[in-house]
Amino acid sequence: MADTFEIEEGADAPEHDTGDDHHVVHESTGIDNRKLGMWVFLSSEFMFFGAFISNYLLYGNRDFDSVVPRDIYDIPFTSISSFVLLMSSLTMVLAHHALSTGDQNGTKTWLMATALLGSVFLGGQVFEFYEFITVKDMTLTSNPAASAFYMLTGFHGAHVAIGILMLLSLFGITRRQGGLSEKHGMNLELVGLYWHFVDIIWIVIFTIVYLLGAA
Amino acid sequence: MTTTASRPASTIFRRPRATEGFWSWITTTDHKKIGIMYGYAAFFFFIIGGLEALLLRLQLAGPNGDFLTAAEYNAMFTTHGVTMVFLFVMPASAAFFNYLLPLMIGARDVAFPRMNALSWWIFIFGGLFLYSVIFFGEVVPPVGIEDAQGVVVSGNIDESDQTLLGGLPDGGWFLYQPNAGPDYSPGAAIDFALIGLQILGVASLISAINFIVTVFNMRAEGMRLLRMPVFVWMTLVVAFLLLFSLPIIAVALFMATFDRAFGTLFFQAVGGGDPVLWQHLFWLFGHPEVYILILPAMGIVSEVLPTNSRKPLFGYAAVVFAGAAIGFLGFGVWAHHMFSSGITPVAQAAFGLATMTIAVPTGIKIFNWMGTMWGGRLKFNTAMLFSIGFVAMFVIGGLSGVTHSIVPSDWQQTDTYYIVGHFHYVLFGGAIFGLFSGIYYWFPKITGRLMNERLGKAHFWVQFIGFNLTFAPMHWLGLQGMVRRTWRYAPEAGLGPWNFAVTIGAFTIALGVAIFWVNWIYSKRKGEPSGLDPWDARTIEWTIPNPTPAYNFATPPVIHSLDDFWHQKYREDEEGRPVRREDADDLVERLDHEGRNPKSKIHLPAPSYFPFIMAMGLPLIGYGIIYHTSIVGKALLVIGPLITIGALIGWGIEPLEEPEDPDLHGDGPGGELVGAGAS
Amino acid sequence: MSETAHAAHPSTRDYVRIAIFLAVLTAIEVALFYVDEAFDMNGWDGPLLIGLSTIKFVAVVGWFMHLRFEDSFLSRFFGAGFVLAMILYGIVLAAFGAFAIFG
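From first to last, the protein sequence lines stand for chains W, P and Z. According to our numbering, the first sequence holds residues 4 to 218 in order. According to our numbering, the second sequence holds residues 4 to 682 in order. According to our numbering, the third sequence holds residues 14 to 116 in order.
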């Protein structure tokens, strides 16, 4: 065990002057704490949505002589709302890009556009649910397939709604302060990461649940 | 920070300043205070869970016991399990993580101090929410099944069982569906368990993210990953296990809650759902959870054993990688909890094999701990006794665990007391012994005093004997066919004598815990002052004064090696033996002095009201979901989210830094404390 | 991806191009769906659609989420979550013998 007694030497910087201790927050990896935290959180979200998607894959065909989602998908409608959400990712990244080039007005515009596109998507989802429930007569409790469909898309919709709230608060901050500070610049990046993540989950849902799931 | 400074300081969003008293605890963002609160809360729930266990044992002390009703018995084993797992061992581990992690990596605090406070408050509100079921629960007989004569049979439970304890959740800690579904467990009790666990999960997820970022980003200069103490490594592995397993149980809990509250059909076989899906989702989380409970204790033992053996940890890298391997493999063995649920033979074989492989990294750790003690000059203080007890008891529990990988043998053992004996050997003999070892070892860090060794040793031996008397006989009771979760056994079964012994053992454990409690209270006031380095320790949390100053390190440490503090005190002679340096005592004295007298002003994370307020909203949402059909429930479904979102907005716009106010600077032990920092 | 780390960040024009690319892929996906409806593709629609959505997924993560331009540390995190989810839920579904949706 003598080897563990050895003191590794060489690579360490000499003891530095610690007189100024103002920078209490530092990052050993060079990645901002908040950004790392957001990525860590998003990686766990795969487990969350993965469970809902698996749940739908398992139950999607259990109809028991009642209406199941795959019988009643409105593919053209959902394609358009998927497109809308995809484009909201573009506006989100443009907001971030505008901020990084110091274009505060552009930031505000693109933030608002993202929130709007997100709201259109969400409105489309509410309309879809309404159609399914009232016209097609498929409710949350009709059969396991319907339960699984509403849970999956509903929780995704809840994520979109939270994203819209965050976008609107960022927009509020830009208006109140006439621009985003350095601190809130990171906030915008974090909201962006979250927003794109919600989008990629929808890319998966659209393909697996709608296009491949339809009868 | 220019924008925050230019903003007029509003009185509403002024950050709180109290450093002492009630409000300082409510608003604190100090990882040490949060850790202490976690510790006390965990101990509180330990007492409750222990009392529940004693009630169970009184019922089972003899055949045909009539101390509890069937409903009460069901409620007691369920709440005992839920309490011990989610409200005692997990927060007790969180107490250690919170208090020690920043100290061990040389940081001022965790990466997100306010989020840390948030996860603590969510935890405690979740726990209180879960136990508030005692005011709302009632015994509602299950929807009965008609027997051959057309008589509705609903087991041993009917309205006449209406008692306080009987109204607690009663589905087993795993809440198997559809037994815990709307038909067979009517009433609100199970909802409290499901939503309570959901809230506790949110708390754990937040702290997992926080600890991962802390370990990766907040290390002191020179603290490379492979120089971190094993305890920090185990914290990291546990954080990853939480990160990836909690979303699974969150989904399962949502589905079960929706089944019960809104009539979805996920697990209701009568409507086409599949109860086995619940088992998969639960154990996908549940097995990593087992390692979430045991790995912190393994980390603690890996610190206590080398220090008290006066040797470095044998095979540091092997212990670290074995810990990571346990975490990784822990995700691949969940179905060994389900061998009797009709999964395919291929799955049984695969999961049986995977279960065997997990014994390999565990065995590596056991041998490394023994290698650490081998040839060392052992100091048998209480912390060391508990650590050695941990290793011994964990070996027994681990070996009985490997027997479950033999599928036919597992079928025989499923739902018997053999299983109860096994997991108490790993979770009590393992996790709890490890936690007690940590308490005795790090008590001076918190109080500046040593725990009383005489009481400590009495505690150890009483608890050790009581523990084995309680749980060893359970193995043979189980092999004789005594089933779990059944409130009575017949006199003819011949199970009486050993069950009586088990009950005696349970009360012996209670005596041990009482001795610990006395010791804690006594030592906190009158314990011997510990000085800076009572154990001749190895890791850098012992390079700062006891009790830990609010600012932790007066000057940020620079790390040169694994076991850095040890190398500052010891050098090697020609034969590789450690020799204490001549100036070691001076060093300790100097560290104590410097640690109490920081040269410069130190900025600490400012306290905040908002974590507390934000956490308060979640249980209100929980009540709202349970009582969503009533007007009060609907109101709570509006009020709860408003409180949480409102607090979130306040959190976002409260200033990160108070404008400096010379009158209010704390005058703690040398040095001014100014609120600052970000989260 | 690490070798491309710290490469020049895309411009607005690049982002728009990627978005158009994504839109085209989505259009192809929808078209494939109707082709399969009209002339049964014998199960070939499954792999094709999954392939296309994977490309979309990678494009959004890589460019819009900037993962291509970040420390490879973050990619490993993110990849770990994704791969773990795929493996675990794949095993669960396999245990149910249920990839029914793919025919």
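Because the hints were derived from the structure by calculation, they are not lab data. Here the structure is a predicted model, which is why all the values come from computation and not from measurement. Treat the hints loosely; a few may be bogus.
Stated by the list, open to error - If we take Cβ atoms under 8 Å as the criterion, some of the chain W residues that face chain P in the derived model are:
| # | residue |
| --- | --- |
| 1 | S31 |
| 2 | N36 |
| 3 | L39 |
| 4 | E48 |
| 5 | M50 |
| 6 | A54 |
| 7 | F55 |
| 8 | N64 |
| 9 | R65 |
| 10 | V70 |
| 11 | S103 |
| 12 | G105 |
| 13 | Q107 |
| 14 | S150 |
| 15 | L171 |
| 16 | F174 |
The beta carbon of each residue, even a glycine, is placed where N, CA and C say it ideally should be.
Which of the numbered hints are not met once you compare them with the structure shown? 8, 10, 11, 12, 13, 15 and 16
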